[in-house]
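Here the protein sequences line up with chains W and X, keeping their order.
Residues in the first sequence are numbered consecutively from 962, following my numbering.
Residues in the second sequence are numbered consecutively from 3, following my numbering.
Everything labelled a hint here was simulated from the structure, so no lab data went into it.
Just to be clear, a hint being listed does not mean it is correct.
[What the hints assert, rightly or not] If we take Cβ atoms under 7 Å as the criterion, some of the chain X residues that face chain W in the derived model are:
| hint | residue |
| --- | --- |
| 1 | LEU111 |
| 2 | MET112 |
| 3 | ASP116 |
| 4 | PHE121 |
| 5 | PRO122 |
| 6 | ALA182 |
| 7 | ALA214 |
| 8 | LEU218 |
| 9 | ARG236 |
| 10 | MET257 |
[As the list claims (entries may be wrong)] Pairwise CB distance ranges, derived in the manner of DEER restraints:
| hint | chain 1 | residue 1 | chain 2 | residue 2 | range |
| --- | --- | --- | --- | --- | --- |
| 11 | W | ASP1021 | X | ALA21 | 55 to 63 Å |
| 12 | X | PRO181 | W | THR1132 | 54 to 62 Å |
| 13 | W | PHE989 | X | VAL107 | 19 to 27 Å |
| 14 | W | ALA1066 | X | ARG183 | 50 to 58 Å |
| 15 | W | SER974 | X | PRO181 | 22 to 30 Å |
| 16 | W | LEU1260 | X | GLN223 | 44 to 52 Å |
| 17 | W | PRO1025 | X | PRO191 | 43 to 51 Å |
| 18 | X | THR237 | W | PRO1062 | 27 to 35 Å |
| 19 | X | VAL175 | W | LEU1260 | 38 to 46 Å |
| 20 | X | LYS8 | W | TRP1093 | 18 to 26 Å |
| 21 | X | VAL25 | W | ALA1101 | 26 to 34 Å |
On a predicted model such as this, the values are computed, not experimentally measured, just so you know.
A virtual CB, placed ideally from N, CA and C, is assigned to each residue, including glycine.
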Amino acid sequence: MSLGSFLLRRLGSGVLAILGVSILVFSFLHLVPGDPIDHLAGGEATEGQRQQIEACMGLDRPLPSQFLAFLGHIADGSLGHQCPDPEKKPTVAARIAEVFPHTAALAIAGMLVAILLALPLGVIAAIQRGTWVDTLATTASLAGIAIPQMMFAPLLVFIFFVTLGWFPGPTETGWKALVLPSLAVGTHLMAMLARMTRSAMVEVLGEDYVRTARAKGVAEGRVLLVHALRNALLPVITIAGMQFGSLLSGAIIIEHVFARPGLGTTLLEAILERNYPVVQGCVFVIAVLYVVVNTLVDLAYGIADPRIRHS
Amino acid sequence: MKVALKLSPSAWVGAVMLAVFVVIGIAGPWLAPYDVGPHALDLARRFEGPSAEHWLGTDGKGLDTLSQLLWGARAALQVSFIVVGISAAIGLSAGAIGGWYGGAVEEVLMRFVDILMSFPGILLNIAIVAVVANPGVAVMIAALCANGWVGYARVARGQVLALRERDYVAAAVALGAPPARVIWRHLMPNLMGPALVQMSFGFGGVILVEAALTFLGLGPQVDYTWGAMLDQARTFLWKTDWVKLYTLVPGLAIMWVVFAANLLGDGLRDRLDPRQRGRS
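If we strip away everything but chain W, and leave its shape as in the complex, we get (with noise of 0.2 Å):
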């Protein structure tokens, strides 16, 4: 299958897939039990007021036409708007270009936390395979898995922020304030990925053509790093593509602890409020970011390896 007709299909998996989440968000948000009038009017609304922000929200219209309106929104690019009064607040998309930064530069910094600390000790754990350097690093791995983040961010809060005073605590900006956050967020996926680097690294290593590498007399440095780890970082990709998708909609647990701004946070506060707009809004574009994320690591992975025919 060509490049072309491959993305194609993946493209037209991915729209139906996005289209099916707002569909299934939609159906489950009118649903279930609770009126989004309430929670925005207050208790002492007038029944004036109460129509108005019906009217506003669309809630007055049969289902389907009030999803049309949706993928309207979508159209035009605003996502949709904050009832009541929806020329003060800003629009749904403006809502979530607000908070999505804040999202994006912690996915990063903690990807490359993971990065930089999985892939020397996935590589060490291989080379010494069996040695009590390999059975610490795999322990330590998956102790870094097993560790919740509900524990370990509060208590590197606690050790760097309350007693160190080496990184600002939550609440607090700039690049310092990212740095506890990221950690939190790079330990766990970087034991994942880790474990991953490790069971590549140890596969390939038996391959014929590092055998062949290290006959023909390969300084052993060369074999490892050109040889071994360039082969064995396809699985390491998919995984660290997958977990950043995952990532970019908002790790929320670290948000919460860190009292940071983001998608993730967003979405649940909307979802308390009743605030159908916002969560439509932030389904979708976490659905496009996870959809569009996964084909862009199923494409570098064709291009990594040339083997790979997309099927």
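For chain W, the structure is supplied; the task is to place chain X on it using the hints.
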């Protein structure tokens, strides 16, 4: 079980650690030295450190932390056990049926799986629990099952696609066995290996997500879930007082279970899926 006896030492460690959790989860409420209900509040004894009376101190309501930890084990065990069971049952059936019948059935199933996978699982869980007013344990379980079955369905479908071509399956069909019997008697037993691996990893995953939800204040409004206890621990850690680190013990409990589940999962995978050997 012959297979279980041949597990690697590390998988045995995982199995024993998991067994300890199960025993504590079952017996926890009886072992708990104090009550954890609202009537046991003792506001005069709030935020006490560890003592002979309260080994792990008391929380912001004067409740005994150790007792909460033990009750929390029950809650965690209950949710993870039921969620893994229901998810596996739904996923394996859906995957086996989809793989067996193929065509439109399979297409619909896989599109549905695609939809659920084009969105981060935890946000879906959060959305479901957060939307329902006063969610109880049942809502929490339903939310975790909503996407929990997907992994099992994928595994089951893949296996069935391969098994479908086997001679013994063809023989069963030729002898006139109805599809239900073929799926139940001939396919299901062969799905149990991969399913067991998935269930072991799933057990740890469910514990983590459940704790994450209760940490965010979602789900059943009780003080003794491990997630809720960790959320409270944050208020203890605002002062430089190393003793207060004991409030993070629920986190260690979560870590214990997840670590054990992964050790066992790795071991089972090496054992039951020889192709994956060494890829841990």
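Status of each hint after checking the structure:
{"no.": "1", "hint": "LEU111", "in the structure": "violated, 13 Å"}
{"no.": "2", "hint": "MET112", "in the structure": "violated, 10 Å"}
{"no.": "3", "hint": "ASP116", "in the structure": "holds, 5 Å"}
{"no.": "4", "hint": "PHE121", "in the structure": "holds, 5 Å"}
{"no.": "5", "hint": "PRO122", "in the structure": "holds, 4 Å"}
{"no.": "6", "hint": "ALA182", "in the structure": "violated, 29 Å"}
{"no.": "7", "hint": "ALA214", "in the structure": "holds, 6 Å"}
{"no.": "8", "hint": "LEU218", "in the structure": "holds, 6 Å"}
{"no.": "9", "hint": "ARG236", "in the structure": "holds, 5 Å"}
{"no.": "10", "hint": "MET257", "in the structure": "holds, 5 Å"}
{"no.": "11", "hint": "ASP1021/W <-> ALA21/X: 55 to 63 Å", "in the structure": "holds, 58 Å"}
{"no.": "12", "hint": "PRO181/X <-> THR1132/W: 54 to 62 Å", "in the structure": "holds, 59 Å"}
{"no.": "13", "hint": "PHE989/W <-> VAL107/X: 19 to 27 Å", "in the structure": "holds, 24 Å"}
{"no.": "14", "hint": "ALA1066/W <-> ARG183/X: 50 to 58 Å", "in the structure": "holds, 57 Å"}
{"no.": "15", "hint": "SER974/W <-> PRO181/X: 22 to 30 Å", "in the structure": "holds, 28 Å"}
{"no.": "16", "hint": "LEU1260/W <-> GLN223/X: 44 to 52 Å", "in the structure": "holds, 46 Å"}
{"no.": "17", "hint": "PRO1025/W <-> PRO191/X: 43 to 51 Å", "in the structure": "holds, 46 Å"}
{"no.": "18", "hint": "THR237/X <-> PRO1062/W: 27 to 35 Å", "in the structure": "holds, 30 Å"}
{"no.": "19", "hint": "VAL175/X <-> LEU1260/W: 38 to 46 Å", "in the structure": "holds, 41 Å"}
{"no.": "20", "hint": "LYS8/X <-> TRP1093/W: 18 to 26 Å", "in the structure": "holds, 25 Å"}
{"no.": "21", "hint": "VAL25/X <-> ALA1101/W: 26 to 34 Å", "in the structure": "holds, 28 Å"}
Of the numbered hints stated above, those contradicted by the structure are hints 1, 2, 6, listed in ascending order.
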